[in-house]
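Colleague: If you read the protein sequences in the order shown, they are chains A and B. Residues in the first sequence are numbered consecutively from 1, following our numbering. Residues in the second sequence are numbered consecutively from 1001, following our numbering.
The hints are simulated quantities; they were obtained by calculation from the structure and are not laboratory data. Not one of these hints is a red herring.
Calculated pairs, DMTMM-like style, for lysine to aspartate or glutamate (alpha carbon to alpha carbon, straight line, at most 20 Å):
1. 1350/B - 1487/B
2. 1385/B - 1253/B
3. 59/A - 33/A
4. 1361/B - 1373/B
5. 71/A - 1204/B
6. 1385/B - 33/A
7. 59/A - 1147/B
The calculated label-pair distances, taken between Cβ atoms and stated as ranges, are:
8. 69/A - 1157/B: 37 to 47 Å
9. 29/A - 1243/B: 48 to 58 Å
10. 29/A - 1408/B: 20 to 30 Å
Ideal placement from N, C-alpha and C gives every residue a C-beta, glycine not left out.
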Amino acid sequence: MLKYILKRLLALIPVLLAVSVLVFLMVHMMPGDPAIALAGGEATEEELENIRASYGLDKSLPEQYFTYMNKILHGDLGTSYRTQRPVAQELLIRYPNTMKLACSAIVIAVVGGAGIGILSATKRYTIFDNASMLTALVGISIPEFYLGLMLMLIFCVRLDLLPISGGTGPINMILPAITLSFKPLAQIARMTRSSMLEVMGQDYILAARAQGFSRAKVIFGHALRNSMNTIVTISGIQFGALMGGATIAEKVFGWPGLGDLLITAIRGRDFPVVQSTILAIATCYVLINLGIDILYALINPKIRLG
Amino acid sequence: MKKCQKGIAVLLATLLFLLPGCGGESSSANSGTEGGGSTTTSEGEASQQSSGAGNTFTFVTSSEPTTLDAHLCPGPTEGRIMRLINETLYYRDENSEVHPLLAESAESSEDRMTWTIHLKQGIKFHDGTPFNAEAVKFSFDRLLDPETASPKASALSMVEETNVVDEYTVEVKLNSPNWIFLATLSNYTTAILSPTAVEKYGLDQYGQNPVGTGPMKLEKWDRGLEMSLVKNEDYWGEPATVDRLIVKWAPEDSTRVMMMQSGDADVASNIPPIQVANLEADDNIEVVKVPGYRTISVGMNVAAEPLNDERVRLAINYALGKQTIIDNVLSGQALYPSGFWSPAVEYSAKDLDAHEQDLEKARELLAEAGYPDGFTVKLTGSEGKFAMDRQVTEVVQAMLSEVGIHAEVEILDSAAHTEALLTHNTQLFIFGKGCSTGDPEYDMQLHLVTDGGQNFYNYSDPETDKMILEDLPNAADLEEREGIIYEITKRFNDQSVVVPLYYEVQLYAVRSDVEGFVCYPNELAELAYMTRTES
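With the rest of the complex left out, here is chain B (with noise of 0.2 Å):
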């Protein structure tokens, strides 16, 4: 009896040691249609190092897409994996310029609220379905759904209803005059979807399976491992020059640039700025640098004391040394600031003026404002949100303290982070602002008008609300329309509210032997058009 109880405890322990380890390898059984973890295939993988090999190439990212539905995708490390299968009507080029891409021409009507779009024509989805007006109005109205509850619906907040003129033409009525509708038609989000896919796969699957018109398709999706996409054989345009694109994933900066350095991978991703020097160094990598739309500032909310006092906010100002925060925490790898937006943002203000360090004057503002002493003031930075945040956070706290500006430091994750800013809780705060549209306009609704969306400052003046909401949409001509821009961004800019650190500037490392790689300002790149030169 005794042995018998005891063989079966044996067993039992071992089962309850293997129990949690079971049921795992039946999900190679799982079809691929849903992209189920096959083991299978990725251990075929492993054995063929993809990098070097033809025209095969492996671009490595800082996380995993999460779908690529692009009326889903959080951000450009979806957006420039989904834009190689599902593209948008207009697109910007390397210096920021508006192209068509899927749409062949397009007018307004003189209140510039209606715009007529001509589509290209006898063009297919990688389904079969043609790509005509039907399937324009089915994407524009999907986005706007809120029954798809998409995060960037917004990027189409301006329009009021589309309609089908005929196949190949499109009607969008707006809720206001814009002069710029067609640019926003290159936001990533606004890519057109096969209707046939989006209604056989649904909601949920769809970000799986995306089928759209561009250059790739998506060929098979490792979920935690890696994805891989093929050239699209009837592509409508300039047929893909890459057969296979390989895209991995590597949280940790060193294991990207470890990646690089082995050849595991041809083209990486946000690349730390201080391991540029050690990349450049390498002979068998280039580093390429592009200036994006995205600022980093000190942003201050003003509702309370001291910060409403402008003489405080200048001193603020004065107390940072943009150039020092560029040299040492960024290590020379960004751009020296003026206005609130990037120069590479079209229309932006140009050659503002931001105040290099001068201590002296720093004080000497402090005290006019009532405080010889100095104060004590909340700083609230993130962790993880951009390169060197937490870095920056401390080296503008170190520099505020030679003032006698006393910053207690809070550093919060990039989902708290983003709470404190929108609900106000903060006094001073680092943060990054980029620039979904490529211009201007909308940001400045978002930041600058009262009760903004964004205005993380509580910043509100009647002149700039009038100047965002009537005199911009109104402007005659684009002439105009940048000379308002520019009035607003200098008022904003002279009140100190916000002061920029630096405009960050995108950083990517391509193998030497891989040509037809761009980055593009707005944080898209070119994947499908690299070359491998022979050496």
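Bound-form chain A, shown alone (with noise of 0.2 Å):
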């Protein structure tokens, strides 16, 4: 196990150079000039000139491409264009509050669609199995943006119970939380469902059930064991999903996390912020699913008959 997990780690380096290599084309073969993006339009040819020599524009590609790898690999994850700051200190900012987001709706899709996809399996084909699993079609085919804005609609424009914006604290939370939970327990609900009737189905849970387990100890003891591989799998990608694409959320509710940077930075062609919250989410990305697959080898579960 400890091999294979060194072994993964050590395939990172390569898989992170590729993206920086093709981030940092993409980034360059994007029609918008940086410097006009920063001074506007308004300078003249001569002080575009100024701007681009500044931050070292005016070299070639590769030259650029080494300059900046060079800077990362001494820990300098380069200084935005737009706001004179190091990098690296607003990825510091950023990087935890969309953590701190994506952990909260992960948790909740997870712990709300395993109990919806359970109390579904096990009354199926009852109203509530129905309503569920209705609701869950709607959760995955709801717009982010607009479930966003009505929840906000609601609960802090006609409720008044929970403000807008001011700071990524729980209580800020919450909203931008549930809304971003909707699609990953909609899809885990679904699975979690079809999952556990088709291992209800099977043999030896009858037979556990004649040797005389309770219907509770088969349901979480046998049945949703044979499922986490599939409420992990999914949660591992939803979670990985929004570690990088919260960007919609975070917008309507502004929350200051990696997605609205990024969306930020691209807009503004502020290509070091550009190239280096790309790399740090492609990381992070990488470490979860190495994560994951570890997590999944272990609870790989054995069945116990008796």
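Using the hints, build the complex out of the two chains.
Modeller: Laid out in structure tokens, this is it:
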């Protein structure tokens, strides 16, 4: 197991290298000159040249890439063109914000989704089952943007229960976390339900019941354990996606996370921020996937028949 | 062995999960001087809903200011806040008239190339440094210094050199005669910075630690979350009535509107036109509408066919229903156009003809020019650059199709759009033009002169060049100057190189119990003198 982990960690290096080259190329091939984006189109050619020179944009692409990678290897993630601040500082602030949000959303999604899925599976074809599966369908289909704004309208404006903005504390996290949890929750609910139903139809479950194990023990002890694979896999993928892509919810709620940072940086052609942020997200994604794979291998259930 | 391995493996797996999140909490240990994200203070903020509490006001805008360094401020979002801290020598009031602020008075030489400015005395920066001619020279020089790489250095492009005559007198030598130099000094980019502070913090940090002479000082900046400014108790002029100004930002339009409705904010900028009626219906909210300097137009690249034919350009002009666009796309919240410069701009040409929609005339002109069946053309629009920009582009496309012109729409994001315009990679395009100096002359040099820095249209007219570069600077008096400006604008207008669609109106939402908020035509605002009426 340890060997496997080490191998996977070593494989990180070529992956991140490839990502860095890809991002660098994409960012520099985007139409839109950073100097123009910064100066706003009123600057003279001379001023633009000056801005380009001060950011090293007048050098050749390979030269710029090596300067950038050299800095990274020395721990310098670059300086934002727009704010003059070190990118590392921005990331240190934004990263935990997105992490907090993603974690809360996933926890709600897993607990809620698994719960609904289990209940649906055990009460299959009842009203509860139909209602929850219908809600899951709506949950998967509803645009995040719309859901976020509606929640804000109801809870912040009409009912005046929650503040719209003003911090990254728990109370500000409620609505964005719920908004982000909807889709994964719906997916987890549906998959849990079908996975449970599949497992519950197996012979060994019938055998366990016949041997006198209580319904609860059978569900949680056996059926659920076998469905955990699916739940963990989906959660992992969703979590990775949330880390990199909570952009819409962040925009709607003004939550200062990575997605918001990235979109603003792309719009402003702030190359150092774009490159370093994407590298950071990619690293995070790869590490999370590794974590999921390990967890997956660990909880692979051994069926105990008594 | 196996159990041990498994244990380590579990530990590692959990660590890998948490690793990405690690190191984040230590940011709260960052010292406040760098404005590092102190999450601890922000959670304290969340519990006190600032608006509605005495003399603390909350202002919400559309994006986080990138810097408060006057020389690096890219636009009014930054300028609005920065001007509370760093003041200019002159300012424009609600009627766009120029008045002295840090200056006392000024006179110019006969040839209008040397300007002597007398500064107000006894003023100190927030850090105790005296405000004097040295500070003015320092600030002007820094703005023009290539090392600063200021995006708005062109604001003082006419300045040859700045000299200190005595402690409170500055002499500025220009490279050509100028009637409106003092108005140029109302541009927020020319604000005076404390030399001590600039030297102390350097180019990369001054933007987060600005020091000026203004009515307010920066208290705290939680990056990504909010900013707060406090009253400068030692202000030289009328003291601010706002004790504390909290600046927040919400990129989503609807969020800003909801913050107003829930009372989370006292003032909100950039209200989308479509939400105005909704907000006006709310008794607790007033919508402030002030015409700005921005003209939204259809521009044409006249270098190639068919746009090089004036009849075709006129046909396009007649095909566009300006009133329809104003009523239906802008919900009526815009002004009917005439010339290329908004009437809010001082000395702009007034009452020029904007042709209202006449489809018959348009088709006639097209037939006359040899395009009875219309033609295909590229229409470049933007998204997110100004309110409803995408929708305006789509409506223009629809209107053109009614006279047989098939416009292929290309929507670009802000940076790509600007680049397309500057590199003339366009045919027809929708764009917005502001006016940084509040006066047409500098704008004309950029837009109408052959090969001008913002001549997106490939417009080249020797008569226009002469009028702008020779006649205008050498006008005998302001009246003659205004006449020349009128001639130039009319000439440009008649050739229909640009079809103005409407003049943008600045839309702010203000809580009804808040008084003293002022919105200026140059996109700045007065945020230091608000008061709350008891109701």
